[in-house]
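*Asks:* In case you want the letters, here they are:
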Amino acid sequence: SQTIHQWPATLVQPVGSPLSLECTVEGTSNPNLYWYRQAAGRGLQLLFYSVGIGQISSEVPQNLSASRPQDRQFILSSKKLLLSDSGFYLCAWSVERGPYNEQFFGPGTRLTVL
Amino acid sequence: DAKTTQPNSMESNEEEPVHLPCNHSTISGTDYIHWYRQLPSQGPEYVIHGLTSNVNNRMASLAIAEDRKSSTLILHRATLRDAAVYYCILREWGSQGNLIFGKGTKLSVKP
Numbered sequence: 001s002q003t004i005h006q007w008p009a010t011l012v013q014p015v016g017s018p019l020s021l022e023c024t025v026e027g028t029s030n031p032n033l034y035w036y037r038q039a040a041g042r043g044l045q046l047l048f049y050s051v052g053i054g055q056i057s058s059e060v061p062q063n064l065s066a067s068r069p070q071d072r073q074f075i076l077s078s079k080k081l082l083l084s085d086s087g088f089y090l091c092a093w094s095v096e097r098g099p100y101n102e103q104f105f106g107p108g109t110r111l112t113v114l
Numbered sequence: 115d116a117k118t119t120q121p122n123s124m125e126s127n128e129e130e131p132v133h134l135p136c137n138h139s140t141i142s143g144t145d146y147i148h149w150y151r152q153l154p155s156q157g158p159e160y161v162i163h164g165l166t167s168n169v170n171n172r173m174a175s176l177a178i179a180e181d182r183k184s185s186t187l188i189l190h191r192a193t194l195r196d197a198a199v200y201y202c203i204l205r206e207w208g209s210q211g212n213l214i215f216g217k218g219t220k221l222s223v224k225p
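The listed protein sequences correspond, in order, to chains A and B.
Our numbering puts the first residue of the first sequence at 1, with every later residue one more than the last.
Our numbering puts the first residue of the second sequence at 115, with every later residue one more than the last.
Bound conformation, chain A alone:
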């Protein structure tokens, strides 16, 4: 069966510090991978998605970046965090099966920037 892991579960970081959030998927090959952010009281915002190793598409220009060094590993990074980067970060994966494409979400990382 497939599983998705995210770590850390919670993180408190000072403004201006770097960030690295990791997501790994087990039990599937060549998944599409996604990073979403949910700010307090708001909906989910797609940040990045990847259809393969080294292939990253950015949905929202900002001080965040993503990388996919391995097939089932997706990393979200920042060189300098802003207060507005606080939120609930969710990684998700999917496998294309024609028109139907269920996404499976990880447990999330709650980031607080102080």
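What the hints contain is simulated information worked out from the structure, not anything from laboratory work.
Among the hints, a few may not be true.
[Stated by the list, open to error] So, partial list: chain B residues that the calculated Cβ filter (under 8 Å) puts toward chain A:
| id | residue |
| --- | --- |
| 1 | 156 |
| 2 | 157 |
| 3 | 158 |
| 4 | 159 |
| 5 | 160 |
| 6 | 212 |
| 7 | 213 |
| 8 | 215 |
| 9 | 216 |
| 10 | 217 |
| 11 | 218 |
[Unchecked claim] Heads up, simulated EDC-like pairs for lysine to aspartate or glutamate below, C-alpha to C-alpha not over 20 Å straight-line:
| id | chain 1 | residue 1 | chain 2 | residue 2 |
| --- | --- | --- | --- | --- |
| 12 | B | 217 | A | 59 |
| 13 | B | 220 | B | 125 |
| 14 | B | 117 | A | 102 |
| 15 | B | 117 | B | 206 |
| 16 | B | 117 | A | 59 |
| 17 | B | 224 | B | 125 |
| 18 | B | 224 | B | 196 |
Predicted, not measured: the structure shown is a model, and the values here were computed from it.
Ideal Cβ positions, reconstructed from N, Cα and C, are used throughout, including at glycine.
We have chain A; now place chain B onto it with these hints.
*Replies:* Showing chain B alone in chain A's frame:
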């Protein structure tokens, strides 16, 4: 992807049916209707999807209007564990698979 409109919040009593509406008047012929829900402090989870015909699964039923401009997610017997934000999402067949989440409907279930 076309836009959807949902009520901000709804209330239900435990063990009663719940009908969560979604309007999508600009839906195109190749858009699938997806529903996800997000329990507190968790990531969203898939509930159901459909194209034209009504759909049933172990979690819920999806009733799609004949003109496809609206749909209704039906929880047949609400439980306290069904309290969540429910998202109605349209996704075009053949797209990259990105889901565009709106604000959804926050469902409260009273015992």
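*Asks:* Does each hint hold? Answer for all of them.
*Replies:* Hint by hint, here is what the structure shows:
no.: 1; hint: 156; verdict: holds, 7 Å
no.: 2; hint: 157; verdict: holds, 3 Å
no.: 3; hint: 158; verdict: holds, 5 Å
no.: 4; hint: 159; verdict: holds, 7 Å
no.: 5; hint: 160; verdict: holds, 5 Å
no.: 6; hint: 212; verdict: holds, 6 Å
no.: 7; hint: 213; verdict: holds, 6 Å
no.: 8; hint: 215; verdict: holds, 4 Å
no.: 9; hint: 216; verdict: holds, 6 Å
no.: 10; hint: 217; verdict: holds, 5 Å
no.: 11; hint: 218; verdict: holds, 7 Å
no.: 12; hint: 217(B) to 59(A); verdict: holds, 18 Å
no.: 13; hint: 220(B) to 125(B); verdict: holds, 8 Å
no.: 14; hint: 117(B) to 102(A); verdict: holds, 19 Å
no.: 15; hint: 117(B) to 206(B); verdict: holds, 12 Å
no.: 16; hint: 117(B) to 59(A); verdict: holds, 17 Å
no.: 17; hint: 224(B) to 125(B); verdict: holds, 7 Å
no.: 18; hint: 224(B) to 196(B); verdict: holds, 11 Å
In terms of the numbered hints stated before, the structure departs from none.
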